[in-house]
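*Asks:* Residue-level listing of the chains:
Protein chains: 2
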Amino acid sequence: MSPYPRSRARPAEAVRKSAASCIGSRGVMTTDYVIGVDAGGTKTVAWLAGTAQVLDDAPVASASSGPGNVRSVGFETAVRNIHSAILGISAEVSIPIRTLCICAAGAGRRIDQTRLQEWGESLAVAENVLIRPDVEAVLASASPDQTGVALISGTGSLAWGRNADGQTRRAGGWGYLMGDEGSAYDIARRALQCASQMADGRREKTPLLPVLLDALKLQHASELVPVIYGASQPKHEIAQLAVHVFACAVKGDTVSEAIIADAANSLSAMVAAVTRKLHLPTDCPLAIAGSVLIHQHMYRQRVMNSLHRSDESATLVEQPVRGAVRVAQMATS
Amino acid sequence: MSPYPRSRARPAEAVRKSAASCIGSRGVMTTDYVIGVDAGGTKTVAWLAGTAQVLDDAPVASASSGPGNVRSVGFETAVRNIHSAILGISAEVSIPIRTLCICAAGAGRRIDQTRLQEWGESLAVAENVLIRPDVEAVLASASPDQTGVALISGTGSLAWGRNADGQTRRAGGWGYLMGDEGSAYDIARRALQCASQMADGRREKTPLLPVLLDALKLQHASELVPVIYGASQPKHEIAQLAVHVFACAVKGDTVSEAIIADAANSLSAMVAAVTRKLHLPTDCPLAIAGSVLIHQHMYRQRVMNSLHRSDESATLVEQPVRGAVRVAQMATS
Numbered sequence: 000m001s002p003y004p005r006s007r008a009r010p011a012e013a014v015r016k017s018a019a020s021c022i023g024s025r026g027v028m029t030t031d032y033v034i035g036v037d038a039g040g041t042k043t044v045a046w047l048a049g050t051a052q053v054l055d056d057a058p059v060a061s062a063s064s065g066p067g068n069v070r071s072v073g074f075e076t077a078v079r080n081i082h083s084a085i086l087g088i089s090a091e092v093s094i095p096i097r098t099l100c101i102c103a104a105g106a107g108r109r110i111d112q113t114r115l116q117e118w119g120e121s122l123a124v125a126e127n128v129l130i131r132p133d134v135e136a137v138l139a140s141a142s143p144d145q146t147g148v149a150l151i152s153g154t155g156s157l158a159w160g161r162n163a164d165g166q167t168r169r170a171g172g173w174g175y176l177m178g179d180e181g182s183a184y185d186i187a188r189r190a191l192q193c194a195s196q197m198a199d200g201r202r203e204k205t206p207l208l209p210v211l212l213d214a215l216k217l218q219h220a221s222e223l224v225p226v227i228y229g230a231s232q233p234k235h236e237i238a239q240l241a242v243h244v245f246a247c248a249v250k251g252d253t254v255s256e257a258i259i260a261d262a263a264n265s266l267s268a269m270v271a272a273v274t275r276k277l278h279l280p281t282d283c284p285l286a287i288a289g290s291v292l293i294h295q296h297m298y299r300q301r302v303m304n305s306l307h308r309s310d311e312s313a314t315l316v317e318q319p320v321r322g323a324v325r326v327a328q329m330a331t332s
Numbered sequence: 000m001s002p003y004p005r006s007r008a009r010p011a012e013a014v015r016k017s018a019a020s021c022i023g024s025r026g027v028m029t030t031d032y033v034i035g036v037d038a039g040g041t042k043t044v045a046w047l048a049g050t051a052q053v054l055d056d057a058p059v060a061s062a063s064s065g066p067g068n069v070r071s072v073g074f075e076t077a078v079r080n081i082h083s084a085i086l087g088i089s090a091e092v093s094i095p096i097r098t099l100c101i102c103a104a105g106a107g108r109r110i111d112q113t114r115l116q117e118w119g120e121s122l123a124v125a126e127n128v129l130i131r132p133d134v135e136a137v138l139a140s141a142s143p144d145q146t147g148v149a150l151i152s153g154t155g156s157l158a159w160g161r162n163a164d165g166q167t168r169r170a171g172g173w174g175y176l177m178g179d180e181g182s183a184y185d186i187a188r189r190a191l192q193c194a195s196q197m198a199d200g201r202r203e204k205t206p207l208l209p210v211l212l213d214a215l216k217l218q219h220a221s222e223l224v225p226v227i228y229g230a231s232q233p234k235h236e237i238a239q240l241a242v243h244v245f246a247c248a249v250k251g252d253t254v255s256e257a258i259i260a261d262a263a264n265s266l267s268a269m270v271a272a273v274t275r276k277l278h279l280p281t282d283c284p285l286a287i288a289g290s291v292l293i294h295q296h297m298y299r300q301r302v303m304n305s306l307h308r309s310d311e312s313a314t315l316v317e318q319p320v321r322g323a324v325r326v327a328q329m330a331t332s
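Sequence order for the protein chains is A and B. Mapped onto this note's numbering, the consecutive letters of the first sequence carry residue numbers 0 to 332. Mapped onto this note's numbering, the consecutive letters of the second sequence carry residue numbers 0 to 332.
For the record, the hints were derived by calculation from the structure and aren't laboratory data. Among the hints, erroneous ones may be present.
A pair holds if it fits inside one copy or across any two, identical chains being indistinguishable in the list.
Straight-line distance between alpha carbons at most 30 Å, and here's what the computed BS3-like set of lysine-lysine pairs gives [what the hints assert, rightly or not]:
| hint | residue 1 | residue 2 |
| --- | --- | --- |
| 1 | Lys204 | Lys216 |
| 2 | Lys250 | Lys42 |
| 3 | Lys250 | Lys204 |
| 4 | Lys42 | Lys204 |
| 5 | Lys216 | Lys234 |
| 6 | Lys204 | Lys276 |
| 7 | Lys42 | Lys216 |
| 8 | Lys216 | Lys276 |
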């Protein structure tokens, strides 16, 4: 869902007019544009904005394309999608771009960042190119000075923060085999495990078992193994079941409730670890992103309760690309 | 490791002599031989034995080959390995075989069993061909009438039982994503998760973290992600770390101890569920197999304590192929 009314989004062909309106008093076009890119695991979003545009404004132009996570889809596919999104907002206009900031998922390692940097510079669309991890866009969306903590829970999960000294720390984000506690995948995997135990008679049956079987259109628990292990993308197909665990918990299913409570504690522990390590105040800016935390209000509230914070003290970030724009603006000013 | 002294194992060329010794009083060769095959995830073992040979005796001939798990290595590779093992004990002899019993891992589904049955019959090495799941060989190794419970914990885990009415039940065996609680993979995965939490500052540090890093020859926890997710066989490489968790637990590492205690409870819960569902007595025959349970004495003892049974009341099955031979013998008599 777009965070701004669709009518306010301006297509690429409108950019020329906007650019024209920036021609200064001396008749010279002011080169005050930036591009922010949020390259995620599901899609890539690019925004063109003025260098001084405020964060809540709609972009001058926007475009989106496929996944831009260099680790999960591979470098070639990721940059093709990132390029496609950038072309979507800049192909038909010839305004100079001051800064291009690409906030990319899966680009935590220096080797990937260097490769993206070289590729971004080779595009020659901007004077400066910045490559940042995707979490940085989330934090920048919520915190003007980019200090505080960003908490993300979608298919995976992690917390990431920065203090006034510029130090950064991460907790979580170890992937589906070693961590990602409190993520959609983690919640759904635990639910499948409990459902299997119910089918075996190792655990008392609750509605969770039939609900999961219904969701997968299965008659019997024994069909779970070929379906789950035969999936082309088991991680994503398992993660999609989390919504049913939340629904069961809301209806009072005790096993689902326990899974959700434990997951919420895991996420708050990530935030607490980052806050502590960076000596941040416990009421520092908190940016919350990721499908699970954005859409599951009850779950988000549990995390906030566990952090002894009010639900309103966090900023929900549905479009991290705003943060990518802000990083580009701050580097430009 | 061979469960019988190597000198007692007789090579294929010795079979002819054994067969000759079976020529009856009327000068007609008695067709009293069977072949048992244990087709596992790591290797396949085939034994040639007399129809009346007692379980503890060495086989007339034995041979082994690569993995025979139809699900993990694929049908073609599995049957090539199974064939190779059978050829290893029967290629040079022309004695008639009464029954060939193949106990195969990963052949729990009827479709795989039917395919193996047809393939086994096409070999034309035996009058009768039996296809059974691998757990059946484990139970048959320990229980003369094939009733009781088999508990296996290696890379994966499950309990499986049969009562006097011939009813069978399983608990566990849901694979690494949904279950296999108490297996080497499960223990090591939990340890990696705890180690990651230690690295993040989400959990107090214990020696488990440096021990796991040492085992993987890593300097820093951040190197875990590329190593684990970059492994060609992450499941097996993770499972191999379990031995270090056992070692830490023995040295008093509290986190490792808690993981092991929980894992032991998971295994005893599987046995209890099967025993209860089949209305078996709690002191029914118990066959124990799998590398973890066979080699980790302390762990096995914890499982037995949790079941309120003495360590001696279970039979350790290091060579399930003995059970495959027994199933073949019982079908022949």
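*Asks:* Can you give the numbers of the hints that this structure goes against, from lowest to highest?
*Replies:* Result: hints 2, 4 break, sorted rising.
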